[in-house]
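Chains as they are written, first to last, in the working numbering: chain A, 25 to 499; chain B, 179 to 676.
Simulated from the structure, these hints should not be mistaken for lab results. There may be inaccurate statements among the hints.
As the list claims (entries may be wrong) - To be clear about the criterion: a stretch of chain A counts as covered by chain B if any three or more of its residues have a C-beta under 8 Å from a C-beta of chain B, and this derived list gives those stretches:
no.	segment
1	37–44
2	72–84
3	109–119
4	212–222
5	390–399
To be verified - Which residues of chain A face chain B? A few of them, derived with a C-beta cut under 10 Å, are:
no.	residue
6	T68
7	L286
8	L439
All C-beta atoms in this analysis are idealised placements derived from N, C-alpha and C, irrespective of residue type, glycine included.
Okay, here's what each chain looks like letter by letter:
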Amino acid sequence: MTQPTAPTTGGPLRGLLAVESPAVATAGVPLFAEALRGQAVAVTEADWQPPMEGTEANLGTVMADTRRAEANATAYARLTASTAELCDVKQAKDALGLERGTFLHAGPPIDWERASGPLRGAFIGAVLFEGLADTAEEAEKALAAGKFTFEPCHHRNAVGPMAGVVSPSMWMYGLRDEVHDAWSWCSLNEGLGKVLRYGAYGPEVVDRLHWMTDVLGPILQQSVRATGPFDIKSILAQMLQMGDEGHNRNRAGSLMLLRELLPGMITADASSTDIAEAVRFSGANEHFFLNLGMPACKLATMAAHGIPGSSLVTTLARNGTDFGIRVSGTGDEWFTGPANTPEGLFLGDYGPEDANPDIGDSAITETAGIGGFAMAAAPAIVKFVGGDVAFALRATQTMYEITMGEHPMYQVPILDFRGTPTGIDVVSVVRTGILPQINTGMAGRVAGTGQVGAGLVTPPAECFPAALAALAARV
Amino acid sequence: MSITHVDVRRGAYHDSVTLLQVSRTVADAEGVEAAQVAMATELNVEVLTGMGFDIPDGAGPNDLVLAVRGADDAGVAAGMAVAEAALAAKSVPSSGGFGDPPTPRTVGGALRAGGADLALISVPGRFATAEALDAIAAGASVMLFSDNVSVEDEILLKDAAADADVLVMGPDCGTAVIGGVALGFANVVEAGPIGMVAASGTGAQQLMCLLDAAGVGISHCLGVGGRDLKTAVGGRSTRQALAALAADPATTSIVVVSKPPDEAVLADLEEYAGGLGVPVRWATLGAGRPDLTSALEAVLRAEGRDVPQWPAWVASEDPEPGSVAGALRGLFCGGTLADDAMLIAAESLGDIRSNIPLRDDLALGSDLRDDGHLVIDFGDDGLTQGRAHPMIDPSLRMERIAAEAADPTCGVLLLDLVLGYGAHADPAGELADAITAARTAARDGGRVLPVVVSVTGTEGDPQGLTATCEALAAAGASVFLSNRDATRHALTFLGGTR
């Protein structure tokens, strides 16, 4: 947390008059900093720019809110104190009470009309998987006719990568925060390429979902119940020191997770062929861990949510059309804007024109202080998302400008084990104009395409002044 | 045939001092006749329009205007190229090295990055409250140079500061000296026993310079902002500053300097000061109260010090006393110096019109014109929106000096010039040229125009007191360190009481 600078000595004004040649921080006219340097005074000059347009009155109101300092301290303490242990694996209908005909999705609420290609594709695939339609055309028709119910994962304390579509039969990891007595859930990762979460819904996608439901889910459940719980937060802390950032690079984390799960998988009550395939599938997927890291981050931000007066961002999420944020002090209200399209590197022949706007709940990682915010810990990520190593270092260091503190467990070795920038403050974003840096995968624009690349993206700026205005209205 | 070109860049912010430097660079470019690069505040749009530039509707204070008039298309193109280059030079990326942290963007970030004791904030007024709250939250006292901050925000900031045991000096605080460090506009003076509390920047500078001339140094000068002794603010910062100085072992007595205060606030503060155990003396301007110089002389006598002969350079070619027909025209950069001069002059001249009038009915219109006696404060909020303070950017006052020279109703010009840190690096040259030009123009119009300058400065200042005064005297002006003496000298030409 941001701490007041320590009083230098006793006496009024924190001992200011007893300081010999006080050091000065300046914001504004450079001339004054120059005049101080001319007197050999130590000066730190802020690279000040006006805040986002039209926000000055709300900034004054929110920054003067006497609840804010303590509310933010509480929210931040809860965010970093939360634990995350993998305690169970269950089907969504049991874990979340998800009813047949209801589908969860990533990001803020949306209807079929406004849904993007990959989200539509994922809905079609899920309808086929649940046996609610026989053909893709039939599924699409039923979806367009409003026969099914859509709901954000976030509204059920769940998170879903990319399209994030969850149907009742899908298996989900259950993570528990012991300190705050909360659960969060996330579906199993399907691997890369043509997969549901990127909007693909061909037979191989639906077949894989059935195999995961019939074979993988029960084996994972047995493993976790027999040998769990497993401390996911501890794996996150370790993987950051092994070159992962927990959003778009999960290699070390996936191996560590597999190491934990293997004994229980091998001794599960299943055929050796099925166990071998489950182990091969899990080990071959370098994003195997993502679906554990996300609910771990969700638990942290859930703990920080709902504290009156707090300007801490607790949700960054996208549905492929809109980017939405939620803030601790404004409850369950979403502040949305049109999702940006990521910039980065493309698979095969795909190019920028093939990319869909930003999609997925995976920006929960950045919300909790990893992912793009921990990019300096994962210089190899630039091979995947574009940019150079200096960019990765700069990205993390820049995020300190908009966050409340440095994570006590998630550390960046190359920055001398400095904690990752954690706890996005709406006020800081609005004041500096610095937008959260998100590392992300890119889905194809057309339903059924799958992944086309990976890259970097930021939220639309307008979410933040809107959230600030809502905070100001509650003062 | 000249060519004008106006370019509006939406949302491109640069501070007014940077833009002043850019404007000057562009104006000096080959083939450029006139140029102004400025944020499109109401005032700047007016100035630009006055310069003959046509500013498109809808340009607002967040938009950058590049206006160039060239002798021909090539001149305009050259000017625009120079402007682009000068602006680009100002926006070099702050970092990019391997692992170098980026420059902090907020004052709170800068305080933490530098482990600083104190924040100096000079962002445009409407953004200043957020920055000041940030500094207070970081546990630092704030010198808030920014003006155009609402009185409600000022109270909010001062209450938050008192809760955090830090001081808000300002808003609109131009001068402070803490632990020997001069903040904003301040003069180079020796360390000494006098602590100052200043609800007035140039008033404080005038006092510290007179003290310096008397061989007495100061411990600290804590600014409180020009409205602190008004009813609404109720002396919030003054109380904190008095208590801090009373507890400071280096301070043996305190002087409070202020523009005309609210009587009830002053009475409360006098009572509060009486219980501090350290002598507190008052240089608070107002009708019937001593002017700055006289108040300072009383302080010196109370301290058992001699009152020296204040330095003066009196011009030899001026008209006989009482022989000038026109009116007093006081053109000031320092608001308190303007107040001080008005209070002194009003005793013999009666009503003086001003943009900071002693009575509401003496207010000047927005054109700032009148045939009678008038005093203008070019540092007032209304004349600094989107512009640098006249102590940095004297151009509006320079234009007015030229206008007065051509105006037969102008009998005597009374000017101030403030030296020290933060002020123009070489103000004497420009002002001396303007004085020479004004006197020449007046002579061409058949008048002898006496010019009197009140110079607030010390020998230790980067500009040098004697060098500055001699340059002005060489241009034909009479020059005084004491603002009172300068004002009284100007009045002699008008024949005193009438």
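Do the hints match the structure? See the list:
| no. | hint | in the structure |
| --- | --- | --- |
| 1 | 37–44 | holds (count 7) |
| 2 | 72–84 | holds (count 8) |
| 3 | 109–119 | violated (count 0) |
| 4 | 212–222 | violated (count 0) |
| 5 | 390–399 | violated (count 0) |
| 6 | T68 | 3 Å, holds |
| 7 | L286 | 38 Å, violated |
| 8 | L439 | 7 Å, holds |
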